[in-house]
Structure formats: structure tokens, C-alpha cells
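Listed below, chain by chain, are the residues.
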Amino acid sequence: MNMINAIAVNDLRFAYDKSNEVLRGITFSINPGEFVAIIGNNGSGKSTLLKLMVGLLKPTKGQVLIDGIDTRSAKVSDLARKIGFFFQNPNDQLFASTVRDEIAFGLKNLNLDEDEIKRRIDAALADFKLQHVENVFPRFLARGDKQKVCLASIIAMGPKIILLDEPTTGQDHRDSKAVMDNTRNLNERGITVVLVTHQMINVAEYATRTILLNRGELIADAPTRQVLGNVDLMRRCDLLPPQITRMSAAARSLGIRDIVLTVPEMVTAFLRLANA
Amino acid sequence: MELSNTQQNEICIDNVTFRYPTSKSDVLRNLSLTIRRGEFVGITGPAGAGKTTLCMAMNGLVPNYTLGNYRGTTFVKGKSTLEHSISDLSTHVGLVFQDPESQLIMSTVEEELMFGPVSHGQTRKEAIASAHEMARILGLTDLLNRSPQTLSGGQKQRVAIAAALTVNPDVLVLDEATSELDPVTVQRVFELCRMFHDKLGKTIIMVSHEIELLSEHAERLIVIDNGSIELDKAPKDAFKDFEIFKRTGVRLPQVAEFTKTLREKGFLIREGAILTIEECLDSLRALLGR
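Residue numbers (numbering that gives the first Met the number 0), protein chains in the order written: chain A, 0 to 275; chain B, 0 to 289.
Hints were generated in silico from the structure; no laboratory data involved.
These numbers were taken from a predicted model, which means no experiment stands behind them.
Treat the hints with caution; some may be incorrect.
Stated by the list, open to error - Here are the computed lysine-lysine pairs in the DSS-like style, where the Cα-Cα straight-line distance is at most 27 Å:
no.	chain 1	residue 1	chain 2	residue 2
1	B	235	A	176
2	A	128	A	117
3	A	128	B	23
4	A	176	B	239
5	A	176	B	259
6	A	128	B	245
7	B	235	B	264
8	B	245	A	176
This is chain B alone, in the form it adopts within the complex (with noise of 0.2 Å):
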């Protein structure tokens, strides 16, 4: 693959193959992605489809951390992950796990969000205005000078998800990152998610079982199984081929669920995929010509 093209892209899996040391078969299989900048991509997929294996290859994680047999080439801006160090990579892609124990460290919230900025160069000043911008976002002002070990999981997350946010990368990967958050909070965070996209125009890659809020904010939605990309196409586009959602285990949005129980009935729905309420709302009101 050529450089030039790939320096375009914010990241370029080409044709990885990637086996864990320790497991009995691998984990990407010949998975091929091109993310471009400023893209909102949704992933989701049954357990084990090797979502947080694909999130760990985007910043080099997998295999430099890692170790494992791995086949094939990642570009983060044209850089191969195999040639540049994590800490490089990590500048451009934010990474945020599902389990927020593994990333928060330090002895106060406010020294975890300093953390980021002052690896990165910033002066302690600047560092304690970053962390505080940033707590305001999230909400996470008044427990600046909590231990993250006593917050509840819920708040742990958001601590961590912002720690990812003080160091401005250009992607921010979030791998279930919201999977305890409660519902508001989880609608919240997706919101965020669409601000730094729309507003910053941040590239967000979000893996998440949230298939209603995928379906609403993301602009691309990648159903992965088996180590292979199964379907990638516009969420509008994505729920025509039932097949692949019941193979996959992935539930359809509930009003897409019911427009195609309704098609399926024999009313006369407009083409294309019903994914919010309003759209719903809409269509029903016109079946009843109203």
C-alpha cells in the first residue's frame, strides 16, 4: 500500500491476522479497515468477535504490548504501528476500556486527569487547567480530590474517558467504555462523543452492545464476528440484511424491529431502515394518513 494513501487516513488495517500467544486460533482474520479522519464509526458484535483485539491493534497495543503472531500491516496517519512506540502512537489515538480499574492510577481524580497533559509536555499549571476543563465537561468537578479507587463504576468510567480527552488525541477509540454507565449517562457520553466529532472534528470509534445509540449517532457500523468484518455499511443502509444480525446475535434498534414486523405484515413502509422515533413517528403517521 502506497504512503501517500495512507498518510490520508487516520488508520489503515490491511489485512491483519493476529493470534494471541496463548489462544488456539486467531483472533483477526485477514481484517481489512480504513477509518478516514473525522469518521464516527460504530462497532459492534457478539462476545469474543475480537472487538477489543481490533481497538488494541488501532494504537499498537496489539502486537507490541501484547506479543502474538500477527500477520499483515496498521497505519496509524501513515505511520505502521510495528515501527513507531505506543507512547508515539498514543498521542494520535485515545484508548478507553471497558473495565476503568485497569486505567485509573493515581491517588486523586484530579492528578489522574493531570496525568495525560504533563506525559505530554504540559507545565503543571497548564496540566491542572486541562484536567479541570475537562472534569467540567464531564461533570466530574466535585470529585476532583477523590480517590478514583472509592468512586462508584459509573463515575470511574467518565474519570477515565476524560483522562483519554485531556491529552486531545485526533481518534478516541472507546471500547464498551459505557457498558456500566447508567442510561442517561451512556446517552451523555455519546453525545460527547458526537460534540468532539462534530464540533472538534475528532474521529470516534465506538464499540458498543448500544445498538439504538449506535444506530442514531454513528455515520458508519461495522458488525464484526469471528474475527472478520461481516457488514460495514451506513446504519440507514445496515439492518436490510437480517441474516447477518441473526447469525451475529446483534438485535436490531426496536423501531427497526418493528417497521420490518410491519413490512412483513404487508404495510407499506418507505425503503430504507427507521432509526429514530421521530422517523417512526413519521412513518406511522403517514400509513394512517394523518
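Only chain A is shown next, with the shape it has when bound in the complex (with noise of 0.2 Å):
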């Protein structure tokens, strides 16, 4: 079979100065569909790989391929309408004076006529619920919801491929589970996701394979069960796995031969064993 890879990083080597290297020769390749997690410590690297990805950076070494074309050739808007961005902080992304011209923004780009543009808004706020507050300021909104803004801005687009940075940085649980489930109905429809975060709870329910960077190198890529299971290595590279995980790997010597990713994991681990 002969498929293209979504994203196809060869040999990937970037300095933002000639003395410092901040990626080091990274090579891995994700097929349309993932749902891949990149996860590092602070100062791994992931930041400016994901910089790469959409083109705002370009490779001092190597190359990287997105959907087939080669982002040092690319016009970053030529790459836009392949790839979403979702920036950390919503802020840095909502400009627009109600929430139906942020989603149209965008689209305005893409040479659509009028009634393409208004089908694809209407549906991305009919996605994330947003019909409600289609003609509010985006900035007076609750973080939650202007982080579906940002979303659904970017799905209007049409992407294969979304990128988020840290989607759920400083939010708590409710907001931050209604972000990861929103992208997870996204990978259900087949977009690839690339998910960039510190939040292991996450990477454990939705990542299905996770890259490990640390000092601009690849230590691993691996189903997200394996990466995760490795507390030595995660805590070698300053990362810690959820505490579930890191129960079930020293609850071993009680006869949990699995690495759980999840409580319900566990629950069912323990009754097979009880059950014994």
C-alpha cells in the first residue's frame, strides 16, 4: 500500500543559534488518523518541533513533509489549509469581533463563495455548540468556550491534520476533559492529531502513541502503554506517568503483570486477579 504519510520528519536538525542545537536529528513519520503525543520536559525541544510542523520555522538540516509537501518550499498559508495550529493560550489566537467572524476569518482565505463560507461556519458552530454565542465578543467568553472557538475556527478550514500545544494548560478538569473529548471526536471523523502537553492524565486516555524528546533527541517512540510503563525512563527524561500507572508498575510484585493507563484499567487489572 502505498500511502503518504500525514507528517514525515527525516533527520529533522534546527538551531536558533549556530552554538545551540535544539533539535538534533529526529526522524519518525505519522500516518493519517493518529492520535500521536509529543511530550518532553521544558527546554525538550517539542515547542520548536511543533514550529516546524506548520512551517513557521524552517529545518536548518533535514526535512520535514507535511501531507507530501516539503515545508521548506511551502508557503506557510499553503500549509495552513492542511494543518490547524491550536495555540495555548486562546488569546493569542481570537482577534475577531463576534464569534461567527472569527470561524470566518479563515475561510475568507480559501477563495470559497458565500454560500460554502456560511455552510462550513454554520456547521463548525453547530459542532461545538456555539449557535448561542455566534454574535458575542470571543474575548468575553469563559476560557472553556473560547477554546471551541479556536477549534472550530480551525476545523471550518478543513484540515487532515491539527496540532495542539498545550490545549489544557492551567485549566481544570471539566474544561480541560471537554477540550480532549473534542479532539477526540475530531480523530474519530479522521483528522491525524498531534497533541504537544505536560499533562499525562491526557496522553494516558486519548494518545494512542506517544514520542519522548528530551534534549532535542527522540528517546522513544512507542504505543503510549510502553512509553508511558517506562517510569524509569520518564522520570530520567523529568516526566512523571499518572499516578494510576505508576501504582500498577510497582504493583507488580502483587501479581499486576499489566501497565494500566486508566482507573477503570486498574479496576478491571485487580478483579481478574482477585478473581483468580
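Now that you have both chains on their own, put them together as the hints suggest.
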């Protein structure tokens, strides 16, 4: 089968200044429809990697291909049709005077006719249940709703891939879960998702594959269970798996063989043992 | 309230109601809270609950700086925040915010860490020593000559915490100060606060969504919603009233959620919430008869 990777990163190197290489030869590829987390401590290079993927930065060496297009030769605006970028702080991305205008803004640059623009806006408002605030100034919305507007604006553009940079930082459990559930819905519709986050509970619950960076190098690229289950490796990279995952690793002496990622998984693993 | 009583308490918030000039409803509602010297208090609650406003009331920023409609009284070491200046109160209460950008103003990290000591009367030489000592404790030594603006979010936040600590306040209030840090650094900040608390007798007030770490380190867990205190208990007693957690959307620590589910399935697990991995393993061992 000859499938084009959603994202292909080949021996990627990047330095803001010559003496200090931030990414030191990173290689991986992501297939269409995957939900991949990129994790690493502060300074591991993950934010730089994201900027390279959307073409805001160009590789010092190596290449990044987005849906087959080399970011070195592509215009950021061309890449923007394929890849949506969800910022950490929703205020960085909201500037229109109503929610409807916010969603319309990107669409107007796509040379679509008026009917198609209207259809897409209405679909995005309905998708994220934002109809009742369509005429509100986005900055007056609660943080959770601001994030929905950002996601709606991105999705209206019809991207194949979305990148999320710390989408749940500083949020309470309810808002965090809402953003992640929305993201999962998009992924289930076939959109490739790349999530950069420090929140390991969300990595455990939502991402099927995890890429671990440390000091600009790719340390691990494997199913999430395998990466988060390696508590020692995670600690060496200044990361900490969720409490329940660490507990399952410590429960081996009790006969629990599985590494669990969520509380329901732990319950199942325990019941299996207790009923054996 | 008698002044003699309030003096023994580090912070005493007495029936405070507050509304910002621009807000349509009260952000704090008849809120009373007494924090005693040397306590480690964890505060959590949903977005918009009033957590940041409460923190700002603790050193007089609310209402002296923000203005707004304020009723009730807050005492810091017996001093009413309405009758003392913010700079006077700030020697007692150090505040670290969510957003480090708003706090970093100097051109190098070293100067940033010297700012507090110098403005509180230390000589330049003393201030350099204080700055370097704090940089060492927080792992910032390599960054002393960097401009705070060039640092990553996590590094900025560590500088902000270090800067608040250099003036040696009795009370350190951290308002979601760890939200941008990587998991091990978050844990280090909690452990550092625990050290300040255990060894130096500091009062720590930590606002956070990190429910596992709050439960492990805090002596008191407070849940705030809609400007009122919904729960104020020791963590081991806090996770019995599940309704409060459901209503406020605050999640339980994962091991507490796990043992709650096992109890619901009829397993006899000793009463009292289980908050750490070790406690949880102990009760599983007992259940399995090992």
C-alpha cells in the first residue's frame, strides 16, 4: 500500500543560533488518522518541533513533509490548509469582534464562495454547540468556550491534521476534558492529531502513540502504554506517568502484570487477579 | 473580631464579599477563612471559582490595587489589609501568579532575584548572595545572566518563584504557579514548598489543579466554587463527600477514585481515603491476603 504520511520528519535538525542545536536529528512519521502525543520536559525541543511542522520555522538540516509537501518550499498559508495549529493561550488566536467573524476569517482566505463559507460556519457552530454565542465578542467568553471557538475556526478550514500545543494547561478538570473529548471526536472523523502536553493523564487517556523527546533527541516512539509504563525512563526525562500507571508498575509484586493507563483499567486488572 | 485572636493567625479572612468594578456578580461571597502559622493549605476548584481573587485578598491587592466593592475584613498577622500598604504586607505574604510574564521585569535573572532583597534594604553584596543562593536551590544558576524574556515558560515560572522567596516571606502563596512546568519540575516545586514548610516553618498556600500532589503534601484541602468555600478538610477526610466533587467538577486523586470503585464493588477497604501509591498497595495486599 502506498500511503502518503500525514507528517514525515527526516533527520531534522534545528538551531536558533549555531552554537546551540535545539533539535538534533529527529526522524519519525505519522500516518493519517493517528492520535500521537509528543512529550518532553521544558526545553526538550517539542515547541520548536511544532513550529517546524506548521512551517513557522524552517529546518536547519533535514526535512519536514506535511501530507507530502516539503515545508522548506511551501508557503505557510498553503500549509495552513492542511494543518491547523491550536495555540496554548486562546487569546493568542482570537481577534475578531464576533464568534461568527472569528470562524469566517480563515475561510475568507480560501477562495470559497459565500454559500460554502456560510455552510462551513454554521456546521462549525453546530459542531461545537456555539450557536447561542455566535454574535458575542470572543474575548468575553469563558476560557473553555474560547477554546471551542479556536477549535471551531480551525476545523472550519477542513484541515487533515491538527496540532495542539498544551491545549489544557492551567485548566480545571471539566474544561480540560471538554477540549480533549472534542479532539478525540475530530480524530474519530479521520483527522490526524498531534498533541504536545505536560499532562500525562491526557496522554494516557487519549493518545495511542507517544513520542518522547529529551534535549532535542528522540528517546522513544512507541505505543503510549509502552512509553508511560517505563517509569524509570520517564523520570530520567523529568516526566512522571499518571499516578495509576505508577501504581500498576509498583503492583507487579502483587501479581498485577499489566501496565494500566486509566483507573477503569486498574479496576479490571485488580478484579482479574482477585477472581483468579 | 478581637485583634489578639487575629494576631496568632497568619491570615484571617472575615466574612469577605467582593466584586470587581467590571463584574456583574460577587466573586467572593461571605467568605471566611483562617490560616494558622505554619500550615500547608491546598486550594482547588473550577475556573472562575474565585481562587485568584482570594489569593489577591491575602496580601491586600484586593481591594487596594484592583478597587471594587469590598465588604468584610482581611487580617495579615493581625493587620487589616485595608489599613496597611501592599508593600508593607508583601514582606509577610509572597505571591507567585499563574502567568510569570506579568512578574518578570528586570533585564537579567540575577537582577530579578536581587530586586526584592534590594528593595527590602539589603546591600548589593547581600542581595547578590541571596539571589545566588535562591538560584542554586531552584536550579537556576546557569540562567543567572540570561534575560527572563528569553527563557521558556517553565524557567520563567521558576524565576518568579525564586524571586518571591528571596525576601523570605512568612507566607508563600502560589496561584497555579506550576501549571506550565513539566511533571517532575511540578513535583520538585511541591517538594520545595514542603521543605520550606517543614524545615523553615513557612506557611504555604498552594492553588493548583494537581489533585494528587495537593493530597500528598497539603495538611488542609480547600475546594472553592462560586466564591464560597465548599469543603475544608484534611485530605484524608476530604474525599468522602463525592457529591461536592461531582458538583464542582474537581476530580479525585486516581488512587482514591480506584479504591472508591473497589468499595462500590463490595471490597472491604479500610475507611479513610487512600491518597498515595504506598497506601493503596498496602490495602490491596490486605485484600489479597498477602
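Here is what the structure says about each hint:
no. : hint             : verdict
1   : 235/B with 176/A : 26 Å, holds
2   : 128/A with 117/A : 16 Å, holds
3   : 128/A with 23/B  : 24 Å, holds
4   : 176/A with 239/B : 23 Å, holds
5   : 176/A with 259/B : 21 Å, holds
6   : 128/A with 245/B : 23 Å, holds
7   : 235/B with 264/B : 21 Å, holds
8   : 245/B with 176/A : 14 Å, holds
When held up to the earlier numbered hints, the structure conflicts with none and fits them all.
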